[in-house]
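Protein chains in written order, with the numbering used here: chain A, 150 to 471; chain B, 75 to 515.
Be aware that one or more of the hints could be misleading.
[To be verified] Facing chain B, a subset of chain A residues (Cβ under 10 Å, in silico):
| # | residue |
| --- | --- |
| 1 | Phe218 |
| 2 | Ser447 |
| 3 | Val450 |
| 4 | Thr452 |
[Unchecked claim] Listing some non-contacts, in silico: residues in chain B with all C-beta distances to chain A over 10 Å:
| # | residue |
| --- | --- |
| 5 | Arg112 |
| 6 | Ser335 |
| 7 | Met346 |
Derived by calculation from the structure, the hints in this document are not laboratory data.
Ideal Cβ placement from N, Cα and C applies to all residues, glycine included.
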Amino acid sequence: MSVLAFVVIAFMLTAYVLLDGYDLGVAAIAPIVARTDDERCAAMQAIGPFWNGNEVWLIAAGGALFAMFPLAYASAFSGFYLPLMVMLWLLMGRGIALELREHFPSAIWHQFWDAMFSISSVLLIVIFGVALGNLIRGVPLDPQGYFNGTFAFLLNPFSLLVALFAVAALALHGAAFLAWRVEGAVAVRARKLGRALWIVCAVVLIATSGMAIVTRGGIIFSWAGIAGIVALSLLLGYQGASARNNDRSAFAATSAFVVALMAVAAGTIFPYLVPAYPAGTGGISIYSAAPSPPALLSALVVTIVGIVAVCIYSTVVWKKMI
Amino acid sequence: MSIVLIDRLQFAFTIMFHYLFPITTMGLAPFVAWYTYRAAKTRDPMMAHAATFWTKIFTVNFAIGVVTGIPMEFQFGTNWATFSAKAGGVIGQPLAMEGAYAFFVESIFLGAMFYARKAIPTRLQSVSAVCVWLGSWLSGFFIVATDAWMQHPVGYAVASDGRIEMASLWDVLMSPFAWWQYLHVLCGALVAGGFVVAGIGAYYLLSKREDVLGRDFVRRGVAIAAIFSALAVFPTGDRNSANVTQYQPVKLAAMEGLFESVNGAPLAIIGMPDVANRKLIDPVVVPDVLSFLAYGNFRAGVHGLTAYATELWPPVELTYYAYHVMVGLGTIFVGLAFLATGLLLWRERLFLIPIVLWALMLAMPFPYIANEAGWMTTEVGRQPWVIYGLMRTSEAVSPNVVSGETMFTLIGFLGMYFLLGVLFVYLTLREIAAGPSEAHA
Numbered sequence: 150m151s152v153l154a155f156v157v158i159a160f161m162l163t164a165y166v167l168l169d170g171y172d173l174g175v176a177a178i179a180p181i182v183a184r185t186d187d188e189r190c191a192a193m194q195a196i197g198p199f200w201n202g203n204e205v206w207l208i209a210a211g212g213a214l215f216a217m218f219p220l221a222y223a224s225a226f227s228g229f230y231l232p233l234m235v236m237l238w239l240l241m242g243r244g245i246a247l248e249l250r251e252h253f254p255s256a257i258w259h260q261f262w263d264a265m266f267s268i269s270s271v272l273l274i275v276i277f278g279v280a281l282g283n284l285i286r287g288v289p290l291d292p293q294g295y296f297n298g299t300f301a302f303l304l305n306p307f308s309l310l311v312a313l314f315a316v317a318a319l320a321l322h323g324a325a326f327l328a329w330r331v332e333g334a335v336a337v338r339a340r341k342l343g344r345a346l347w348i349v350c351a352v353v354l355i356a357t358s359g360m361a362i363v364t365r366g367g368i369i370f371s372w373a374g375i376a377g378i379v380a381l382s383l384l385l386g387y388q389g390a391s392a393r394n395n396d397r398s399a400f401a402a403t404s405a406f407v408v409a410l411m412a413v414a415a416g417t418i419f420p421y422l423v424p425a426y427p428a429g430t431g432g433i434s435i436y437s438a439a440p441s442p443p444a445l446l447s448a449l450v451v452t453i454v455g456i457v458a459v460c461i462y463s464t465v466v467w468k469k470m471i
Numbered sequence: 075m076s077i078v079l080i081d082r083l084q085f086a087f088t089i090m091f092h093y094l095f096p097i098t099t100m101g102l103a104p105f106v107a108w109y110t111y112r113a114a115k116t117r118d119p120m121m122a123h124a125a126t127f128w129t130k131i132f133t134v135n136f137a138i139g140v141v142t143g144i145p146m147e148f149q150f151g152t153n154w155a156t157f158s159a160k161a162g163g164v165i166g167q168p169l170a171m172e173g174a175y176a177f178f179v180e181s182i183f184l185g186a187m188f189y190a191r192k193a194i195p196t197r198l199q200s201v202s203a204v205c206v207w208l209g210s211w212l213s214g215f216f217i218v219a220t221d222a223w224m225q226h227p228v229g230y231a232v233a234s235d236g237r238i239e240m241a242s243l244w245d246v247l248m249s250p251f252a253w254w255q256y257l258h259v260l261c262g263a264l265v266a267g268g269f270v271v272a273g274i275g276a277y278y279l280l281s282k283r284e285d286v287l288g289r290d291f292v293r294r295g296v297a298i299a300a301i302f303s304a305l306a307v308f309p310t311g312d313r314n315s316a317n318v319t320q321y322q323p324v325k326l327a328a329m330e331g332l333f334e335s336v337n338g339a340p341l342a343i344i345g346m347p348d349v350a351n352r353k354l355i356d357p358v359v360v361p362d363v364l365s366f367l368a369y370g371n372f373r374a375g376v377h378g379l380t381a382y383a384t385e386l387w388p389p390v391e392l393t394y395y396a397y398h399v400m401v402g403l404g405t406i407f408v409g410l411a412f413l414a415t416g417l418l419l420w421r422e423r424l425f426l427i428p429i430v431l432w433a434l435m436l437a438m439p440f441p442y443i444a445n446e447a448g449w450m451t452t453e454v455g456r457q458p459w460v461i462y463g464l465m466r467t468s469e470a471v472s473p474n475v476v477s478g479e480t481m482f483t484l485i486g487f488l489g490m491y492f493l494l495g496v497l498f499v500y501l502t503l504r505e506i507a508a509g510p511s512e513a514h515a
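Work out the full structure: start from the sequences and follow the hints.
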């Protein structure tokens, strides 16, 4: 049952990265591909109706973690107090920027919020990347399971490389989304940028995997390794679709790519939620952090019913919108 | 300052600022749905202007409500890790359900509402508006259910290692304590929504513009304010008091400023609690009424604060004043809303009497104060407990976060929310000044 709970949370976080990933990516590349006020308005309007629902996956995953693994929630959130608070502030800045820009038709007003939107979004991707990198690498934990390292410890080369990879991957995902959903010069530039980005992604993916194998060892023949190879081949799929100007398939390829990457991460971390550093010294596992079986069962049932319903009606609503 | 105090200040500040916005979204959502539905049905351009206008006001509130709401969920883990680790098996569930059941509904359908926006609203738009309304009310329910469990824990079991585990989610969600609290909260939000709609309508009428919509706003706003200000007093307010009397008697004593236990306890209308000397200064009281309200019997005995150890007292002054501000304002709302309703029913004389329109316009901020004061009564009054009778607030904070960090984030939130507040006021006043129909004329 703990394994199922892990899968549910991994599913929710994957949905978050898949969905909010493209609007974070759009924010990251907007200064490059959308140059005039009108172009930026078009780019923002492409994500406008979706971003909030996408972000809810993060909030809901936080809630699910709280319900299913309260000890991990308490330890991780208080352990990473400052980075988490900075993440919250960036989420706020980004949400405000996107919503408030529409309320005042002035180019100066738009420029300010667009800059805020892009900067906070890129910083968010970096924070998510650093967090993921550290989860894969493991973090120092005290006997009670609380983080006892320093802020500087979190900014290690491996995690920074993962952060760079996250920026590249989501920028690619965002470029594919814009190419599909927007017309004209923005789409042309997004396609062009995508063709450069997929190569960056492939190179950084190989570098990151190499470093992960050195840091953690023994993952290449595991599920994570297989997912990594799938991810690499999906990049080629993107290249193929993009070369044929098939934007819909190209976006499908980057979506599958993001899902494969999350599978790599989940496969590496399992069965831990917060692995200890150095690798192999335990950590907060899905067995130690779960509440009693009846409580976990009840949390699982309500969460699964909820997210199945969300998947159904969001598909129905979005089909009407695209 | 002690870490517990900084953590409490941060939570209190962020939740009180955040709550201003859900009050408005829960209170305005039915109006947005109504005008959108009417516009889609009648294809009347005036209704469409009203729908667009309230949707805009709603979305600014919704956006700030969402961004200030995210830190609330995360603060349980960041600042209150001991509490989360101990009670997460219970309170994590209603919070997770809020995410999985309410937030998605709200945000996905609000997106659809915007996407489908046309000069005349479409059916997708009115269906979405109704879903957003339901989502906002559902979200409120899960949050109140979480709080109500902390006020009056039910449906739980204590494990051998001291962790509090969920025994019955049904009991937690169906707790009468939660339901009366929720219905009272909804009444509070609808009173605020009603007074905002009526107040903005009154502003237009006093400025001699937007005559058609101004009157419509006043009629509908006053009707909602009258119905729900009455329901806020009875039965929801009354039932909440009964629950407090039964489960949290020391809070009741602090709310009423009652120090000594007596048979036939008086109801203090005004007066200043003097905690050091354990008495109410310059009180104006109605004899025996508190006993009647609490127990339905004028001679019933009510425990005063001195019946309990002082370490179990909540901060008396804050609880007392917050409660009296809420009750006093609530009484004024009933009076004003019923006066305005009477004048509307009497061949719409209300529109000929500027002073009542002035009163409606100036009343707008006060339901917010009353809502906040009500929550302060609830939350300050249950101190020193974070989970009533089970866990003290002082034992709940994160063990590994130091006061320097929380002070930094408290100051950060203060600065950020100040800017957000300025932006919100500016954008809202701008929409109101532009007017619903003139902006499109």
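These are the hints, each one checked on the structure:
For Phe218/A, the interface hint holds, the least distance from its beta-carbon to any beta-carbon of chain B being 8 Å, beneath 10 Å. The beta carbon of Ser447/A comes within 5 Å of a beta carbon in chain B, closer than 10 Å, and the hint placing it at the interface holds. Taking 10 Å as the C-beta cut-off, the interface hint given for Val450/A holds, the closest approach to chain B being about 9 Å. A hinted interface residue such as Thr452/A counts as satisfied when its beta carbon comes closer than 10 Å to some beta carbon of chain B; here the least separation is about 6 Å, so the hint holds.
Even its closest Cβ contact with chain A, about 22 Å, leaves Arg112/B beyond 10 Å, as expected for a residue assigned away from the interface. For Ser335/B, the condition that its CB be more than 10 Å from all CB atoms of chain A holds, with the nearest at approximately 40 Å. Every beta carbon of chain A lies more than 10 Å from that of Met346/B, the smallest distance being close to 39 Å; the non-interface claim holds.
In summary, this structure violates none of the numbered hints.
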